[in-house]
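**Q** Residue-level listing of the chains:
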Amino acid sequence: MKLAAFEELVLLVVGTLGNEAYGISIKETLQEKLGKNPSIGALHSALYRLESKGYVVSREGGATAERGGRRKKFYRITAYGIRTLEEVNEMRIKLARKVPGLKLGFK
Amino acid sequence: MKDHNPPRWPDRFLRWFCSEEVLETLQGDLYELYGKRLAKSGKFIADLFFMFDVISACRPFAFSKRWNTNSNYNIMIGHYLKVSARNLVRNKIHSLLNILGLAIGMASCVVIFQYVLFESSYDSFHSNADRIFRIRFDYYQNGQSEGGSAATYSAVGPALGQDYPEVERFTRFIASGYGAILTYNNQEYNEKRVLYAEPSFLKMFSFPWVKGDIETALSQPNTIVITESVARRIFGNEDPVGKIIKVFIEEPASMQVVGVIKDVPENSHVKFDILVSYATTYPWGWTQNDWGNINTYTYILLHEGVDYHTLQAKLPAFIEKYEGDAMRSTNSREELTLQPLKDIHLYSDLGGELDVNGNPVLTFFLTIIGVFIVLIAWINYINISSVNLLGRAKEVGLRKVAGASYGQITSQFLFETVVINCIAIVSAAILIFIAQPYLEMLFGKSLTLSVFNDTTILTVIIAVLVSGVVVTGAYPIVALSSFPIASVLKGKLQKSPTGWMLKKSLVVFQFTISVGLIISTITVYHQIKHMQAQKLGIAIDQMLVVNAPQQITDSTFRARIEPFKNGLRQLAQVSNVTASTSIPGEEIGRVQNFRQPNQKEEYNSFFRMVGIDDEFLTAYQSSLVAGRNFSRELKGPSVLINEGAVQRFKFNSAQDAIGQSVLWHDRNATFEVVGVIRNYHQQSLKNDFAPTVFFYNPAAWGYFSIKLDNADLQSTVREVERQWKTLYPGNPFTFFFLDDFFNQQYKEDWQFGRMFAVFSGIAIFIACLGLFSLSYFTAVQRTKEVGIRKVLGAGVSSIVGHLLRDFIILIVLANLVAWPPTYLAISNWLDGYAFHIDISLWLFIVPGMIVMLIGVLTVSYHTSRVARTNPVNVLRLE
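Taken in order, these protein sequences are the chains called A and B.
Going by the working numbering, 50 is the number at position 50 of the first sequence; the sequence numbering is gapless.
Going by the working numbering, 1443 is the number at position 443 of the second sequence; the sequence numbering is gapless.
By construction, these hints were calculated from the structure, which means they are not laboratory data.
Wrong hints could be hidden among the right ones.
[What the hints assert, rightly or not] Lysine to aspartate or glutamate pairs mimicking DMTMM-like chemistry, simulated, CA-CA at most 20 Å apart:
1) Lys1036(B) x Glu51(A)
2) Lys53(A) x Glu1021(B)
3) Lys1262(B) x Asp1355(B)
4) Lys1314(B) x Glu1335(B)
5) Lys1503(B) x Glu1021(B)
6) Lys1243(B) x Asp1290(B)
7) Lys1243(B) x Glu1215(B)
8) Lys1529(B) x Asp1541(B)
9) Lys1686(B) x Glu1215(B)
10) Lys1747(B) x Glu1119(B)
11) Lys1043(B) x Glu32(A)
12) Lys1040(B) x Glu32(A)
13) Lys1036(B) x Glu32(A)
14) Lys1036(B) x Glu28(A)
15) Lys1650(B) x Asp1688(B)
16) Lys1271(B) x Asp1123(B)
17) Lys1203(B) x Glu1168(B)
18) Lys2(A) x Glu51(A)
19) Lys1747(B) x Asp1541(B)
20) Lys1565(B) x Asp1614(B)
21) Lys1529(B) x Asp1838(B)
22) Lys1040(B) x Glu20(A)
23) Lys1314(B) x Asp1325(B)
24) Lys1686(B) x Glu1353(B)
25) Lys1040(B) x Glu66(A)
26) Lys1535(B) x Glu28(A)
27) Lys1203(B) x Asp1123(B)
Since this is a predicted model, take the numbers as computed values, not measurements.
Please model the entire structure based on the sequences and the hints provided.
**A** Here it is as structure tokens:
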């Protein structure tokens, strides 16, 4: 399995956020768009794994006072990450077509 | 500026476990989140979530590098396992002996603790066990103790309950001396253990209730509660509750079963099959509020938080209030003592105890032996591993050169210790499992606490294992820390003098214990043999005893005694028949006050009372010191007394006592002393001769003692039974042989001796295993020395002698060390016997010789092998 379910969601969110993807913003997006409320630990753990698998890259950002002088770590999805998302989706749709009575399409 | 003060502890924790690179961003995110939550929901919520978040971040990705285990280390564990396996295999025999010694030591230790724990677990299953106390009763006559009793007056319980608010509840019961015969559907059942108990019995003690109404049970006369197994025996699958059953205890009655209780566990000092309601005894007149008979077992439950010592302090005033005048008029003194329920089994040994009491001396010694045995096993391990270490010095040196740290080498040796200890404990568990049936024989009871179902035992096993690893693992680690690598690798380290001192003192210690145990074992056996070999003063062999009929349904039963005795006398195999209220081998229960008639009341003393017929003396081959036997012709109130009684009555001599009168205080009746019986042992030699008064009672009701000639016992018993059935129909015929019955009293002593023998045997065996291995290693180390000696002309025998000398010195030393403490211990033990052996020197010499012989045999196997080696083979390489 290339991507765990939660990792896939995080990867998607990183992709949507563009240049503004860091811990808190990812967490908030997950909460608003998907109704998930992961703990910071779980989120960082997933990001760490995504980075080590090469689906995202990170850069250090500026420190702010509200962060107690700590720098942010911004994540960006890589081309490999996007390809992996495509593969996963394709595979899922292929399989889903074989389920009788399952209607695919957007509502 | 916002308040950026998240709780400090979680923050610090985060910094502690987190790696630097993760910390920066993670902490930043957490702070930011904290700020947002603080603004939205307040400090408490923010703090709380901060804490959860920190805990949720406690994942492998965040861990600091310093938590990463060196994977090399894990690989080394496999390596260590391989090395320990090779080491075990290299010295197959010695590894086997080492593990065997450890396993046997651990197994004995665990078994002993199992027994000791069982003995101390008595009565602790009652939920209020800590607050329940038994009333002990002590009686002093003319300042002299007449012994303590487990039972007391029946009035004590209610009076205590009334006078002292600390007492939450009291309960009383009386033990029926006879069993009960229950008749249901024309089937007779004989149940031995019967108690007359108050309803509060069921509430004070926590015997599990099975059926019936516990609230009302036992409140009405002629109601009974039975145990499950009795219920099953009598009623099968029927519901016993509410059934009416014919019960015969002292007289026949119809009783209703009102409840069923679980069988009494083995570790309860109160054991019973049937509880009859206490109210059943009211018509007898002396069971409700009586200050005369000492026969009521009384237990009180104190309120929570009451210190029983404070109540104890009030008891002298209590007894003064109720018994003061009576005590003064008879010059006696009475004492009540509170006995904690859980102490009764081990620490109480009174008259009229309900169960065979535990032996605190035995459990104490056993505990010590258990500890010693496991110590001996550990010492073996230490000794052998220390010798081994010398052989492995090169391995250690090479490891150090290759870069192994001190920690790695110690962990390697510790690992080996753990492996060996684990193998040993598994073998120990198997040993215990195999030995379980024999252990029941050894301990004389089935321990309901089994190794496999009790957590305390499991804790003991784990404690033995862990302390074993610590103790046996400590030596190599200490020794290793002072290992000079350079000299090891140059091959200079041959032996360390300090190590030898340690080894020698440990061997001395092992054999000190062995010698002490052998001396004690021989003493115990010697004492028991001594007691059994003593002339009792009466003949108890070939004596068939038949219990007198219990169902006295009409007055003619007594009249049938004479025909019964006469019938038996006709039999060729029977030489004598006598009836008595008591037989040798049991405590004479009846104790009464007597004095000389011309003396004042304060001269009253307690005497045992036995009723015998005129053939008792002949049948038991007991002899008279003075006077004559009872006679059927010479009527008149007369008694026989024994020599002990002559002294207590303060007659000048046996001759002098003849013709004198004695007064039975309670009946105010005078009797003439017609004869003095030579003292004989009524009970085991643990007890002294009790002053006894014998009454003439041709219809004595208790036992028929039938002296048999050498004959076919079976057919004789059948014939006696046939005659019994015709004269006493409906009465169960129960009989036993008196010598068996008498020797029952030594059962406990034999058991004591047996346990001692078994465990000291094990201790010596393990010590010898160690000596065997140790002598092997030392002999191997001295092969070069032996070679040189032989080249210089020494003979085999002189070399063997030379090598043996060291060990002999150690064993002699062990003997000298062992003797003084052992002497103290055994003389202390022997003091508990009224008739005991003298401690003689050979009691010490013989065990010393035995240990010496075993030791020399063990050592000489290797020594002689080394002495016979060809010196060329060992010296060629030099």
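**Q** Each hint: holds or not?
**A** Against the structure, the hints come out as follows:
no.	hint	verdict
1	Lys1036(B) x Glu51(A)	27 Å, violated
2	Lys53(A) x Glu1021(B)	18 Å, holds
3	Lys1262(B) x Asp1355(B)	19 Å, holds
4	Lys1314(B) x Glu1335(B)	11 Å, holds
5	Lys1503(B) x Glu1021(B)	55 Å, violated
6	Lys1243(B) x Asp1290(B)	33 Å, violated
7	Lys1243(B) x Glu1215(B)	18 Å, holds
8	Lys1529(B) x Asp1541(B)	17 Å, holds
9	Lys1686(B) x Glu1215(B)	45 Å, violated
10	Lys1747(B) x Glu1119(B)	17 Å, holds
11	Lys1043(B) x Glu32(A)	24 Å, violated
12	Lys1040(B) x Glu32(A)	17 Å, holds
13	Lys1036(B) x Glu32(A)	16 Å, holds
14	Lys1036(B) x Glu28(A)	12 Å, holds
15	Lys1650(B) x Asp1688(B)	18 Å, holds
16	Lys1271(B) x Asp1123(B)	11 Å, holds
17	Lys1203(B) x Glu1168(B)	12 Å, holds
18	Lys2(A) x Glu51(A)	13 Å, holds
19	Lys1747(B) x Asp1541(B)	18 Å, holds
20	Lys1565(B) x Asp1614(B)	12 Å, holds
21	Lys1529(B) x Asp1838(B)	13 Å, holds
22	Lys1040(B) x Glu20(A)	23 Å, violated
23	Lys1314(B) x Asp1325(B)	18 Å, holds
24	Lys1686(B) x Glu1353(B)	17 Å, holds
25	Lys1040(B) x Glu66(A)	15 Å, holds
26	Lys1535(B) x Glu28(A)	100 Å, violated
27	Lys1203(B) x Asp1123(B)	15 Å, holds
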